[in-house]
Amino acid sequence: MPEQIHHPASYKDPSGFIFSYNGKYYRQINLAYKEDYELFISSGLYSKLKEENLLIAHEEINKNLTGSQNWYSTLLPRQISFISYPYEWCFDQLKDAALLTLKIMKVSINHGMILKDATGFNVQFEAGKPIFIDTLSFEKYDEKKPWIAYRQFCESFLFPLLIEHYREIDAQKLLSIFLDGIPVGVTSKLLPGKSKTSLSVWLHVFLQNRVGNSQSQQKNHVAFSKTKLIRLIDHLESTIRRLTLNSSHKSTWNHYYDETILSQNYLSVKENIFRELLPTKIEGRVMDLGCNDGYFSKILAERSDLVIAADFDSQCINRLYLSEKSKGHSNILPLCIDLTNPPPSTGFRNAERQSFATRAQSEWIAALALVHHLVLSKNIPLGDVAMQLADLCSNMLIIEFVPLEDEKSQQLIRLKTNYHKPYDVPAFESFFGQYFDIVERKPVPGTERLLYCMKKK
Amino acid sequence: MKEVLLYIDPGSGSYLVQMIIAGVLAGVFYFKGLWWKIKNFFVRAKKDDATNGIK
Numbered sequence: 300m301p302e303q304i305h306h307p308a309s310y311k312d313p314s315g316f317i318f319s320y321n322g323k324y325y326r327q328i329n330l331a332y333k334e335d336y337e338l339f340i341s342s343g344l345y346s347k348l349k350e351e352n353l354l355i356a357h358e359e360i361n362k363n364l365t366g367s368q369n370w371y372s373t374l375l376p377r378q379i380s381f382i383s384y385p386y387e388w389c390f391d392q393l394k395d396a397a398l399l400t401l402k403i404m405k406v407s408i409n410h411g412m413i414l415k416d417a418t419g420f421n422v423q424f425e426a427g428k429p430i431f432i433d434t435l436s437f438e439k440y441d442e443k444k445p446w447i448a449y450r451q452f453c454e455s456f457l458f459p460l461l462i463e464h465y466r467e468i469d470a471q472k473l474l475s476i477f478l479d480g481i482p483v484g485v486t487s488k489l490l491p492g493k494s495k496t497s498l499s500v501w502l503h504v505f506l507q508n509r510v511g512n513s514q515s516q517q518k519n520h521v522a523f524s525k526t527k528l529i530r531l532i533d534h535l536e537s538t539i540r541r542l543t544l545n546s547s548h549k550s551t552w553n554h555y556y557d558e559t560i561l562s563q564n565y566l567s568v569k570e571n572i573f574r575e576l577l578p579t580k581i582e583g584r585v586m587d588l589g590c591n592d593g594y595f596s597k598i599l600a601e602r603s604d605l606v607i608a609a610d611f612d613s614q615c616i617n618r619l620y621l622s623e624k625s626k627g628h629s630n631i632l633p634l635c636i637d638l639t640n641p642p643p644s645t646g647f648r649n650a651e652r653q654s655f656a657t658r659a660q661s662e663w664i665a666a667l668a669l670v671h672h673l674v675l676s677k678n679i680p681l682g683d684v685a686m687q688l689a690d691l692c693s694n695m696l697i698i699e700f701v702p703l704e705d706e707k708s709q710q711l712i713r714l715k716t717n718y719h720k721p722y723d724v725p726a727f728e729s730f731f732g733q734y735f736d737i738v739e740r741k742p743v744p745g746t747e748r749l750l751y752c753m754k755k756k
Numbered sequence: 025m026k027e028v029l030l031y032i033d034p035g036s037g038s039y040l041v042q043m044i045i046a047g048v049l050a051g052v053f054y055f056k057g058l059w060w061k062i063k064n065f066f067v068r069a070k071k072d073d074a075t076n077g078i079k
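As they're listed, the protein sequences go chains A and B. Residue numbering for the first sequence follows this note's numbering, beginning at 300 and increasing consecutively. Residue numbering for the second sequence follows this note's numbering, beginning at 25 and increasing consecutively.
So here's chain A without its partners, still in its complex pose:
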């Protein structure tokens, strides 16, 4: 065993840790957590949470796989196909993760336990729904004490949602800088003055900012109560339920398909070609880059187990998430990813949270109407785009080339001449040919565009 046996992100809680063994992730429970874990099981809390699909199920392994002296037990949780982070989620994903955390908190209180931490990193998305993954976050409830994770909950969930609600900015992206949550002092400065008229904002943000750091709290020994705690949780829940993403302002690609002159006819023609290029059953992970509102992700999802649908426009991702959520079950995981600046490795030792490139390698990648934006708008050389897609793709690539003559390309270069040249079919095929073999090349009738199916060399 190497010296550091725990997963780089699993170091904070002395109760136990995640580690990898023979290609699977396990969770060790340390002796320090023995009593809480026994209560977690004997109180029926674990069964209840598992039954309602709120917490990841596990299997108890009676083996000390790490050889640790603190070992009490080992759990083999159901393995998650793709780990995503709160700063990659859209507004409603973060909101649903927050509501899940509060729901779990209420169920726990009914079973004599409480959540001792409430970070967004304890939640993952599976089948279109959030699920709690930290089995060691529960501890015995002492009714005289308030919620130890209250501030963490506010900073991880409530504050980014409030900023986004009031300011209409992608506040969840701030979570990549503030990994422990957006501090109350920062939030109080970012929220507009009009938000103070809301009792919820005044209590949880401005009041907390005023008194949260005061020393007088240490002298305070007045006991809390269960009624007070439940009232606090209910209030947080009703506050969060009322928050919405104001989609009236226009984002870059919101309603792109609705408004573009290429819309209906172009889409159906492209869809037919796209379907022809795909096998009836796609094995392995699929990723749709620049997915917009997920029109093609949904086609990919018909033929595969999991589609990562990525776009930098969080409003598009939010629409896709809500449309998939309304189905009740989904194998599409929508994520807000800017391919020109994908989430990096971050956190302690730059290893706590993995980069998007490390996590996202997929067997199949679709990149439709994407390359011209990267080359012509973002000035990324064609060869570098090919290199990035080759890094992410382990098998097949479906890619659309939108030539310079295309109306959309013309729009992008109307005011600029300073883009990387040559940008044409021979250059495209030559750069991508370094990493891929072209299997099929199909023109999209009525346009100058080409759809390619390529196989990684």
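By construction, these hints were calculated from the structure, which means they are not laboratory data. Some clues are possibly wrong.
If you want the ones that stay clear, here's a sample from chain B, every Cβ over 10 Å from chain A, calculated [to be verified]:
{"id": "1", "residue": "F55"}
{"id": "2", "residue": "G57"}
{"id": "3", "residue": "L58"}
{"id": "4", "residue": "W59"}
{"id": "5", "residue": "W60"}
{"id": "6", "residue": "K61"}
{"id": "7", "residue": "I62"}
{"id": "8", "residue": "N64"}
{"id": "9", "residue": "F65"}
{"id": "10", "residue": "V67"}
{"id": "11", "residue": "R68"}
Restricting the straight-line Cα-Cα distance to at most 30 Å, the calculated cross-link-like pairs of lysine-lysine (BS3-like) are [what the hints assert, rightly or not]:
{"id": "12", "chain 1": "A", "residue 1": "K741", "chain 2": "A", "residue 2": "K756"}
{"id": "13", "chain 1": "A", "residue 1": "K495", "chain 2": "B", "residue 2": "K56"}
{"id": "14", "chain 1": "B", "residue 1": "K61", "chain 2": "A", "residue 2": "K405"}
{"id": "15", "chain 1": "A", "residue 1": "K495", "chain 2": "B", "residue 2": "K63"}
{"id": "16", "chain 1": "A", "residue 1": "K405", "chain 2": "A", "residue 2": "K624"}
{"id": "17", "chain 1": "A", "residue 1": "K439", "chain 2": "A", "residue 2": "K405"}
{"id": "18", "chain 1": "A", "residue 1": "K720", "chain 2": "A", "residue 2": "K677"}
{"id": "19", "chain 1": "A", "residue 1": "K444", "chain 2": "A", "residue 2": "K311"}
{"id": "20", "chain 1": "B", "residue 1": "K56", "chain 2": "A", "residue 2": "K493"}
{"id": "21", "chain 1": "A", "residue 1": "K347", "chain 2": "A", "residue 2": "K402"}
{"id": "22", "chain 1": "B", "residue 1": "K56", "chain 2": "A", "residue 2": "K525"}
{"id": "23", "chain 1": "A", "residue 1": "K495", "chain 2": "A", "residue 2": "K472"}
{"id": "24", "chain 1": "A", "residue 1": "K525", "chain 2": "A", "residue 2": "K311"}
{"id": "25", "chain 1": "A", "residue 1": "K527", "chain 2": "B", "residue 2": "K56"}
{"id": "26", "chain 1": "A", "residue 1": "K402", "chain 2": "B", "residue 2": "K56"}
{"id": "27", "chain 1": "A", "residue 1": "K527", "chain 2": "B", "residue 2": "K61"}
{"id": "28", "chain 1": "A", "residue 1": "K347", "chain 2": "A", "residue 2": "K443"}
{"id": "29", "chain 1": "A", "residue 1": "K597", "chain 2": "A", "residue 2": "K755"}
{"id": "30", "chain 1": "A", "residue 1": "K525", "chain 2": "B", "residue 2": "K61"}
{"id": "31", "chain 1": "A", "residue 1": "K580", "chain 2": "A", "residue 2": "K323"}
{"id": "32", "chain 1": "A", "residue 1": "K626", "chain 2": "A", "residue 2": "K349"}
{"id": "33", "chain 1": "A", "residue 1": "K707", "chain 2": "A", "residue 2": "K677"}
{"id": "34", "chain 1": "A", "residue 1": "K444", "chain 2": "B", "residue 2": "K56"}
{"id": "35", "chain 1": "A", "residue 1": "K428", "chain 2": "A", "residue 2": "K402"}
{"id": "36", "chain 1": "A", "residue 1": "K443", "chain 2": "B", "residue 2": "K56"}
{"id": "37", "chain 1": "A", "residue 1": "K527", "chain 2": "A", "residue 2": "K311"}
{"id": "38", "chain 1": "A", "residue 1": "K362", "chain 2": "A", "residue 2": "K347"}
{"id": "39", "chain 1": "A", "residue 1": "K405", "chain 2": "B", "residue 2": "K56"}
{"id": "40", "chain 1": "A", "residue 1": "K525", "chain 2": "A", "residue 2": "K402"}
C-beta atoms are modelled at their ideal positions from N, C-alpha and C, and glycine is treated no differently.
Given the coordinates of chain A, work out where chain B should sit on it, guided by the hints.
Same frame as chain A, now just chain B:
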């Protein structure tokens, strides 16, 4: 820059806030209850009048 008390456990850092919030919410809860009682009293009185009128 506001002084940040790095040695305070984040849990205890929110103790007083939670006490105040719980107090305010208890007040809101109480007045809401009171408001409903008053409203119901008048609504019932009105209803009774209307019923009497029908008689």
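Worksheet item: Hey, A:K720 versus A:K677, does the alpha-carbon distance stay inside 30 Å?
Response: Holds - the C-alpha atoms of A:K677 and A:K720 are around 13 Å apart, at most 30 Å.
Worksheet item: Within a Cα-Cα threshold of 30 Å, do A:K525 and A:K311 meet the stated pairing?
Response: Given that 30 Å is the threshold and the Cα spacing comes to 28 Å, the pair holds.
Discussion item. Against the 30 Å threshold, does the CA-CA distance of A:K439 and A:K405 hold or violate the hint?
Written reply: The hint holds at about 13 Å.
Worksheet item: Between A:K527 and B:K61, is the straight-line Cα distance small enough, at 30 Å or below?
Response: 23 Å, holds
Worksheet item: Do the alpha carbons of A:K443 and B:K56 lie within 30 Å of each other, as the hint requires?
Response: Given that 30 Å is the threshold and the Cα spacing comes to 26 Å, the pair holds.
Worksheet entry | Exclusion check [B:V67 not at the chain A interface, CB over 10 Å] | 25 Å, holds
Fill in: Given hint A:K677 paired with A:K707 - CA-CA distance at most 30 Å
14 Å, holds
Fill in: Proposed proximity, A:K311 with A:K444 (alpha carbon, max 30 Å)
22 Å, holds
Worksheet item: Should the label of B:N64 as a non-interface residue stand, given a Cβ cut-off of 10 Å to chain A?
Response: Label holds. Min Cβ-Cβ 22 Å, cutoff 10 Å.
Worksheet item: Would the least Cβ to Cβ distance between B:G57 and chain A come out above 10 Å?
Response: 13 Å, holds
Discussion item. Hinted pair, alpha-carbon criterion (30 Å max): A:K347, A:K402. Please report holds or violated.
Written reply: Given pair A:K347, A:K402 holds - Cα atoms ~12 Å apart, limit 30 Å.
Item to complete: Starting from A:K597, check that the Cα of A:K755 is at most 30 Å away, please.
Response: With Cα atoms ~24 Å apart, A:K597 and A:K755 stay inside 30 Å; holds.
The structure meets every hint from the earlier list without exception.
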